[in-house]
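Peer 1: Each chain is listed here by its residues.
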Amino acid sequence: DAGVIQSPRHEVTEMGQEVTLRCKPISGHNSLFWYRQTMMRGLELLIYFNNNVPIDDSGMPEDRFSAKMPNASFSTLKIQPSEPRDSAVYFCASSFRAARMSYTFGSGTRLTVV
Amino acid sequence: DQQVKQNSPSLSVQEGRISILNCDYTNSMFDYFLWYKKYPAEGPTFLISISSIKDKNEDGRFTVFLNKSAKHLSLHIVPSQPGDSAVYFCAASRTNSGGSNYKLTFGKGTLLTVNP
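Those sequence lines, one after another, are chains G and R.
With the first letter of the first sequence counted as 1, position 108 gets the number 108 in this note's numbering; the numbers rise by one all the way through.
With the first letter of the second sequence counted as 1, position 47 gets the number 47 in this note's numbering; the numbers rise by one all the way through.
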């Protein structure tokens, strides 16, 4: 298995533009998580899905952020409009309940908003 | 409010010596704890975990200790190797009534540097 695949690896965009981050979880995993890593806050959970259904989005910073999981093999995290304070590394992770919460993370997307 | 705290942003040790990374938590509902290791430009990778019914779990050079009364856990690496240099994240979770996954709450991480 190729693991959790995220794209793009790096994204530089101008303030106000729409940004879409993509994630392909490991086949057979039924939970998907979006995390954001910053120096100030470390790794913080933004949203997670179980069986493609959003369960907890309390970590989504504000309405500019949205996430979807249209099927078991694909998820997107969208920021519209983007702001400089959104600059961070965004990680997607997936897991299977039987694995007792041992997540597998993707390599992340480094977002820079200028 | 940080429910999982790693109060040491960095730690430097000599090769061959013991590395001890500490983590404190505030939520008494947490029943499962994990350590993840992260190299630059990569995602975190699972290292070792411990259930709240245990107080120690060992895997090769890595041992995690859990002190529930103090809400404290630690990761020991013996002996430390230069390849262990990475950021280490402590994470905690609670299992819901259905026994299924629940979200992981991470600390801010500790950068470990092992000097040759």
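Source of the hints: derived by calculation from the structure; they are not laboratory data.
Only a predicted model underlies this, so the values are computations on that prediction, with no experimental measurement involved.
Treat the hints loosely; a few may be bogus.
[Claimed, not checked] In silico EDC-like cross-links for lysine to aspartate or glutamate, where the CA-CA straight-line distance does not exceed 20 Å:
no.: 1; chain 1: R; residue 1: K37; chain 2: R; residue 2: D1
no.: 2; chain 1: R; residue 1: K37; chain 2: G; residue 2: E44
no.: 3; chain 1: R; residue 1: K5; chain 2: G; residue 2: E44
no.: 4; chain 1: G; residue 1: K24; chain 2: R; residue 2: E42
no.: 5; chain 1: R; residue 1: K54; chain 2: R; residue 2: D84
no.: 6; chain 1: R; residue 1: K71; chain 2: R; residue 2: D1
no.: 7; chain 1: G; residue 1: K68; chain 2: G; residue 2: E18
no.: 8; chain 1: R; residue 1: K54; chain 2: R; residue 2: D24
no.: 9; chain 1: R; residue 1: K68; chain 2: R; residue 2: E15
Peer 1: Take the hints in turn and mark each one as holding or not.
Peer 2: Evaluation of the provided hints:
no. : hint            : in the structure
1   : K37/R <-> D1/R  : violated (23 Å)
2   : K37/R <-> E44/G : holds (16 Å)
3   : K5/R <-> E44/G  : holds (13 Å)
4   : K24/G <-> E42/R : holds (16 Å)
5   : K54/R <-> D84/R : violated (25 Å)
6   : K71/R <-> D1/R  : holds (16 Å)
7   : K68/G <-> E18/G : holds (15 Å)
8   : K54/R <-> D24/R : holds (17 Å)
9   : K68/R <-> E15/R : violated (31 Å)
When held up to the earlier numbered hints, the structure conflicts with 1, 5, 9 and fits the remainder.
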